[in-house]
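Colleague: Protein chains in written order, with the numbering used here: chain A, 659 to 827; chain B, 260 to 771; chain C, 742 to 1236; chain D, 32 to 394; chain E, 1291 to 1390.
Keep in mind that a hint or two might mislead.
As the list claims (entries may be wrong) - Interface residues of chain C toward chain A, partial, derived using beta-carbon atoms under 10 Å:
#1 Ala794
#2 Glu856
#3 Val954
Said to hold, decoys possible - Derived CB-CB ranges, DEER-like:
#4 Leu673(A) / Ala1204(C): 58 to 68 Å
#5 Leu327(D) / Lys789(A): 34 to 44 Å
#6 Ala368(D) / Thr1044(C): 15 to 25 Å
Stated by the list, open to error - Straight-line C-alpha distance at most 25 Å; calculated PhoX-like pairs for lysine-lysine:
#7 Lys389(D) / Lys329(D)
#8 Lys1124(C) / Lys1072(C)
#9 Lys789(A) / Lys389(D)
#10 Lys430(B) / Lys1105(C)
#11 Lys798(A) / Lys389(D)
Since the hints were derived computationally from the structure, they do not count as laboratory data.
All C-beta atoms, glycine included, are put in the ideal place defined by N, C-alpha and C.
Residue-level listing of the chains:
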Amino acid sequence: MINQLVFAYFAVVILFSAIMTISRRNPIHSVLFMLLLFFHIAGVFVLLNAEFLAAVQLIVYAGAILILYLFVVMLLQVDRETKSSRANRFWPWLTAFGVIIATEIALLVLRGSFPGENGVMMRTMPGTGVKELGIELYSKYLVPFEIASVLLLVGLIGAVLLAKKDAKE
Amino acid sequence: MLELMPNTLGYPLLSLLIFIPIAGAIVLLAVRNAAAARWIALVVSLVEIGLCIPLLANFNSGTANMQFGESMSWISDWNINYRIGVDGISILFVALTTLLTTISIMVSWTAVQDRVREFMVAMLFLESAMIGVFAALDLFLFYIFWEAMLIPMYLLIGVWGGPNRLYAAVKFFLYTLVGSVLMLVAILAVYFTAGGTFDVLALMNYKFGHDFQLWAFAAFFAAFAVKVPMFPFHTWLPDAHVEAPTAGSIILAGILIKMGAYGFLRFSLPFFPDATIFFTPAIMILSVVAIIYGAYMAFAQTDFKKLIAYSSVSHMGFVTLGIFALNSQGLEGGLLQMINHGVSTGALFLAVGVIYERTHTRLLADYGGIAAKVPVYATFLMIITLSSIGLPGTNGFIGEFTIILGAFKHKVIYAVIASLGIILGAGYMLWLYQRVAFGKVTNPHNEHLSDMNLREVVAALPLVILVFAIGLYPNAAFQVMHASTEHLIQHMQAKAQTLPAVAQAVGALTGH
Amino acid sequence: MPNSLHDFFQQLGPMYPEFLVIAVALIALVADLVVPRGQKHLLGWLGLIGLAAAAALTLSLAADHAGNTQTAFFNGTFLFDPFSVFFKMVFYLSCSLGILLSMKYLSVEDIHRGEYYSLMLFATSGMMLMASAGDLITLYLGLELMALSIYILAGFMRGDGRSNEAGIKYLLLGAFSSGIMLYGMSLLYGLSGTTNLNGIMTFLQSADLTNPVIFLAMVMLIVSFGFKVAAVPFHMWVPDVYEGAPTSVTAFMSAGPKVAGFAVLLRVFVHALAPLQGHVSAILAVIAVLTMAVGNIMAISQTNIKRMLAYSSIAHAGYALVGLAAATANKAMMVDGSASVMLYVLIYTVMNMGAFGVVIMLRKSGSRGEEIADFAGLGKTNKAAAFLMLIFMFSLTGIPPLAGFMGKFYIFKSAVQAGMIWLAILGVLFSAISAYFYLRVIMVMWMYDPKQEFSLLRSPALALALAIAVTAVIVIGVAPSSVLEIARASVLGLM
Amino acid sequence: MSESHQLLNIAWRVLLFLVPALALVAFILANAMYLQLMERKVLAHMQSRLGPMRTGWHGVLQPIADAVKFLFKEDVIPAKADKWVFSIAPLMLLIMAFGSMVIIPFGPPTDFFGILSHKVPMLVSNLNIGVLYILAFASVGTYGVIMAGWASNNKYAFMGGFRSAAQMISYEIPMAFAIVTVVLMAGSLNLTDIVNAQQGRWFLFTPLGPVVFFLYLLAGIAETNRVPFDLPEAESELVAGYFTEYSGIRFGIFYMAEYMNMMVVSLLVSIMFLGGWLPVQIFPHALAGVAPIVWLNKALAAIPPTLWLLAKLYFFIFFYMWLRATLPRYRYDQLMAISWKTLLPLSLCVLVASAFMKQLGWI
Amino acid sequence: MIPLSWYVILSALLFTIGVVGVLTRRNVFIILMSIELMLNAANINMIAFSHYLQNLTGQIFVVFVITVAAAEAAVALALIILLVRNRGVVYVDEFNILKG
């Protein structure tokens, strides 16, 4: 009961802030709504016993990615929308299309079935979860883990390479 | 059942024929000097003619089997083999190809001044591909050569052609390509239906289902009809002929458009006899339409080359008429007429080339009365004109006469219309000759025309000889092809017997 | 402890080529600090040596594993099989050609930086991981590693707005498609409880296929991979990105990532989603037709050669999709259909990169040389370049005896074999249409008079790249047997 | 479980949460107010002054007077400011500071000298991801600063906000690495576990401990924008930094948040390196035979754990103020250079080194 | 007890909002954020499945998704900075050197 109410709260805020994110004229407001969204998604993660990911969600998404957005939006001073229209001219149709797709996906999900659906909500995984996650990450998913490190390096190279001004420029 | 008789000469004659020009072309790529390029090309083409001598000498006209056969595995995963061989149907084309290539190289001696080396490379590649088409006994191999021909021909038209060459080249390329690719799908369908083989001889013996035959025939027809070209797929031909350089026109008229008809004989008829019979009425009608339409259009032309191009449409109508008469006279007539047309139209384009090189115009109105100035040329043109008309004693007469005979046996009305076509043909050709050669010299530029030089005479002479040789002694040609055409008729008959109604029709047609 | 370490290295064995490529990339990155400006091409050669060593390593590993169709490592996240070996060789090839094409070009564009080569190698390692992925996670990360490197490469000309635009457009659409792909993957995971491809196949074999969520996941995966290989209607980004990116990057981008996309498509749809075969095939067939149609028809009206080649690459993705549709049609077609796609992407790589090589030759200071009209009269003044372009164009058209024909032939052969004759007919017709715009390039080169003095970009590296490409085009065209056999044998890894 | 029983259960759980939460709030607020007074006093005495003397005995009522002033002052929002963001920004900071405090244990589970029937933990929420949670909140704290700077629509505020945010982000990374090193040593993310892991020896006295301690302390000071890293408030350049435009209660919140953050950092330093609530013991092993020392150690151990923690906390707070009175301010580029070029590589090396040492059993 | 389908539908809605954002908005920042919404939707799915299936793979996947998102954001923003520096636009329909 409480859990469901909490979920309902999270869901409503998530959807609300998502809509606000994509509809604000000022990107800075979008970013702030996005922040709200991330907090509530982290909440959903906690509901699902994924505390570690809730923290990661905040540390990386909110603390690194989003702040980067905010920095760039502010630095570039693009917060003042100069044009009257914020969306392209097809937006009503595309939105309608989105609503249809969403309904469709929802219906499909309701009609379809997932094997885990009857699973219990109690945690049967031993320990805190973080440790197990770590063990899986460093054993079973070692290859992806290594790739991820290379990926981050590439991201780093790219960001430095592209954004850095040459001395002569 | 046809067999591939292995080559017993001790040297791979057909492979040499196919690959010597390519080797020559590769050598040419390294040559910078234009004169040297010409000579190398000429020597290579003469070697090819030389190779035709053992080919014809060792040919056994008593059998319908494929001779000088070579076979080896090429792409084993797809069961594709390098299988080549010639029979009575294809051998003459191989010989004609070598001859016309040599002539083309000779007439281009001075006409082509720009990028000579590339020109000769293209000619030699073209020769290889053409011989390959006639010799291939594997459908895949055939298709490779068939398509590969497009590249040099496209370049010949596009690079060395007339003012409107770009349009003509692209049109030529696209028309033929669209037809060919449809054939490719049909080839694949044939391959899978027949259990995974591209072997032409094996496919000849395979009995395809009736419905399958219908659409596969249609797809092959798309490729061959464009190439022939049959009405209404002919519109690329006048453009291509007009814009192509003389050598290109000679090859185009002499060999390339024969390939369509050759395809009918080699593939469509033996593979799909039921469909052939099914489509025969339509094709016969298209053929007579082409005869009349081509002739009619020829009357209206003011451009020398365009007139010949339309006459080709008309003449090729005769060829398809003969082939689809589906009796031995028709077939043999059609075959012979193909050779004839190759010779006479090749010669006509040569004639155009010779005069164009001097006057730089192809408009008939710009000529007139040149007979007095260039007597040798006028004589040459006269002989060719008469051959084209089909005057008895020339090759044209034999071919057309045999075809009409075949058509008559098939259905009288076609023979009647075709005869009308002959009369029209005589009309426009003679009118052409009159406009070019007779009367007074109207164009002051023509006052100082020089006559054909030795090189041109040498180039033209073989053709003139052939005109009379075939006209006077056609049996030599008939003998070569007879066994094969007979076998083709019998083969169709035997294969079509699976369907009683059709068998009866074949029986009626072939007079059995 | 030593024992487990030994086991660990034992297990690491099959990944040595990936490690090697990444290591070379890192070395190049560090070496960049000491290599002086103007000598950066040394890093390119370093990369080439690395790629050659990786290729040798891959082949020796393949020899070690000869006989095994598929060997899984690291709990199935990494697969070593002939299939991945084949694709890795194609990636080495495309990266090597890419590096060779870049060396001189980068100097002309004044963007000769060491990071370029590192990024190329990183992208290649990403592709290699994609080909070897046995798990959705590996697959996703490999894909992102590749994509991220290429976003950067596309925007590599920092001072040029067009390049920046290309980079950001590519990134936006790439990230968008990744989002869709992830959602599909998440559904797949929810359904099967695993991200392992073999596990997913096992699940689907016993699953209730009327479950609509399975199809939702399938459609999302098709959509997202459609983006990656630039299939219609997910192709909008291609022309802009190809035009804006540095030409050498465009050359690489048109081959490598697309090939990697097909590797993944094969792995996922032919192998993991095998129980859904018929449905996948139907959707792919429709996409293939649209892709061929849009690619070929839009290419006709292009005046910029890079845009034209962009649309042409869309069209070629369409042909490869025909092969994929055949491969997924039924069980019997898996080998031939997949092999046809593999052969095709290999051939496409060499001929397309060759064509871009000639485009690069035209780039010189003062002129971009990207308009088709810029080629006017090239055949008069620079016969060798024009001749190469001629061969590549005819090969792209699919005229025998060049490799392009063999590729298309196998594709259409598979389609006919799978009973999709209509698809084959549409395919050949579109490929006939494609002749029009390829011919135009030839026409402009050979049949127009030169408007300008050509001073072509020349360098030994460029010449080497073109020589490799043209040799491959001709040799595969004339004697496709061995490559074909390798492709067919490599498919077995998929099963 | 019946409906009413369930409700009762919920109510009990809410109570269990509310009581410590309210206690924590009270503690924090009181501290935030009086730490300000403490700072003024400490600074004054270090500069041979007396500081506030008038309100109450030695100015003890000064914080209350200040609070009243803040509350009743007009709340000015600049006309061109983004009102929503402007209003939310200080709250963000406040929430983040409170949020971080939620998981900090103030002592071992206790039954309050037998008052309660069973032991209750001395913290609001015992999350198993403990330290990560702190990091999460710390990283989000940046938003308050940057929002305040931007929303004020004032270039000084904007610059100040930016500098501050950039500084916080930069120092977060060495800080995170330092924390991870501690986690590595303790083998747990949970702060209580971390304290318990120091039972025999504080982490400060492990081979790499001083380095990590130094790293964390430095990063923590920078993270709270205090001297010598108080660039955002460089009056000479930026007036008052990101809160230039703020006044009244909002200004007060910023002020409080600063002290709260100082408390968080000080508490974490104490917990992670100085054994948290563990008592100070003078060479318990080496001097085990020396009677006075043993008595002293026993006496020290008898002091309630929470007091130990508070003692360590106030020591570090004092340290902060000491620094302020002593050190000049860094230049901005120096500040960034310290983080990226010194602290970050150092912290990485330390992490790797301690991983090896842990594996080899040296820690 | 919250049914699994609630989570999936929540994520579906979030995903669609993201897609609509990508398709309709012109500001490149908002498009990027919409893409982040899509990724988050997938993450919710993964974690919900992970929870109900009692297997950690979903959580692992999310770790990597977040990693990738970070790297991608860095590159994206670098490119945007370049674009603004060179061209001064952030609206995708004003990216008009290329034909679009």
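Colleague: Does each hint hold? Answer for all of them.
Modeller: Hint by hint, here is what the structure shows:
no., hint, verdict
1, Ala794, "violated, 18 Å"
2, Glu856, "holds, 5 Å"
3, Val954, "holds, 3 Å"
4, Leu673(A) / Ala1204(C): 58 to 68 Å, "holds, 60 Å"
5, Leu327(D) / Lys789(A): 34 to 44 Å, "holds, 40 Å"
6, Ala368(D) / Thr1044(C): 15 to 25 Å, "violated, 51 Å"
7, Lys389(D) / Lys329(D), "violated, 31 Å"
8, Lys1124(C) / Lys1072(C), "violated, 49 Å"
9, Lys789(A) / Lys389(D), "holds, 17 Å"
10, Lys430(B) / Lys1105(C), "violated, 34 Å"
11, Lys798(A) / Lys389(D), "holds, 23 Å"
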